[in-house]
Each structure stands twice: as structure tokens, then as C-alpha cells.
Amino acid sequence: MFGGLSEPFEKKDIRLVEDTKGIISEHLAAMESEFSHYFTECGDIEYTLLRNQFILSSQTIPDMNDRAQDELIGLINDGSAKEVFKREEFITFWSLMKVSYPTSTRIVLRKLLPFATTYLCESSFSTLLRLKK
Numbered sequence: 558m559f560g561g562l563s564e565p566f567e568k569k570d571i572r573l574v575e576d577t578k579g580i581i582s583e584h585l586a587a588m589e590s591e592f593s594h595y596f597t598e599c600g601d602i603e604y605t606l607l608r609n610q611f612i613l614s615s616q617t618i619p620d621m622n623d624r625a626q627d628e629l630i631g632l633i634n635d636g637s638a639k640e641v642f643k644r645e646e647f648i649t650f651w652s653l654m655k656v657s658y659p660t661s662t663r664i665v666l667r668k669l670l671p672f673a674t675t676y677l678c679e680s681s682f683s684t685l686l687r688l689k690k
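Here the working numbering is used: position 36 in the sequence shown is 593, and no number is missing along the way.
Hints are not guaranteed to be accurate.
Keeping only pairs whose Cα atoms sit at most 30 Å apart, straight-line, the calculated DSS-like set for lysine-lysine is [said to hold, decoys possible]:
#: 1; residue 1: Lys-643; residue 2: Lys-655
#: 2; residue 1: Lys-689; residue 2: Lys-655
#: 3; residue 1: Lys-655; residue 2: Lys-668
#: 4; residue 1: Lys-689; residue 2: Lys-578
#: 5; residue 1: Lys-690; residue 2: Lys-655
#: 6; residue 1: Lys-655; residue 2: Lys-578
#: 7; residue 1: Lys-655; residue 2: Lys-639
Derived from the structure by calculation, the hints contain no laboratory data.
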């Protein structure tokens, strides 16, 4: 999952101490495990908004209020939004769509926020446990 991460170090000929490599690798493995834990359980069609909303069709749109459904249909059929999605990072894309598609943006943020806060809490707790030892 994080295969290209060593590339910047190799380009600048930076050599990491083996202990540091181990710590970074451990942390990345833990993150990968957390990602797998949170995102394998995403059977909900609304989570498709997180991955790629443009693969939804009008028949597979989640059951939402009429305004949200209309907005999502507009987003799915918006060619310029699709181009921005291909070109920009995930967070940048939704930041740019906030004005045009506020309801869809709100849905995405509501789905993402628990993941970020849970991960930060768990990693902070783990750090405190290590410090306590």
C-alpha cells in the first residue's frame, strides 16, 4: 500500500537508520491495518461517494432526501467535476465542490470525520502507553 514511500529518500540519497526504518514501517503497517479495518466494512452505497462517486448511476444513488439526490445526480453528470476529480487529490476535490454541491460534501465529511478522529485517538493512546512503560 505504501510502496512508493521510499522514493523521496532514494532521490535525495538520504539513508535512514535501521531503527528509524523499523519504526516507520511499523507505523505504516498499523495504518494499513486500520484502513483495512475501517474500509472493508464499507458495504454501504454512501461510501461509494468516498471512493469514486462517478461510478454511481441514477439507479444506485443512496436513499436520501430529494434535494440530496438531485444534487448527487448533478454531481455525477458534471463533466467538469469529473475532470477535477481525476486531477486533484481527494480532499482538494471535495473542498472545491463545497460551494456547488454542499449536501454531498457534508455527507462525505460526515463519513470521514469519525475515521480521522478515531485514528488520532487510538494512535495518541498507543503513544501514551509506550511513554508510560
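To see whether the hints hold, each was checked on the structure:
With a CA separation close to 17 Å, the supplied pair Lys-643 and Lys-655 stays within the 30 Å bound. Restraint check for Lys-689 and Lys-655: the C-alpha separation of about 43 Å exceeds 30 Å, so the hint is violated. Under the criterion of a C-alpha separation no larger than 30 Å, the hint pairing Lys-655 with Lys-668 is consistent with the structure, at around 15 Å. In summary, the hint linking Lys-689 to Lys-578 is supported, as the alpha carbons are separated by about 23 Å, within the 30 Å threshold.
A C-alpha spacing of about 45 Å is found between Lys-690 and Lys-655, which places the hinted pair above 30 Å, so the restraint is violated. Between Lys-655 and Lys-578, the direct Cα distance comes to roughly 39 Å. Violation of the 30 Å bound is thereby established for this hinted pair. Between Lys-655 and Lys-639 the CA atoms are separated by roughly 15 Å; this keeps the pair inside 30 Å, and the hint holds.
Checked against the numbered hints given earlier, the structure breaks hints 2, 5, 6 and satisfies all the rest.
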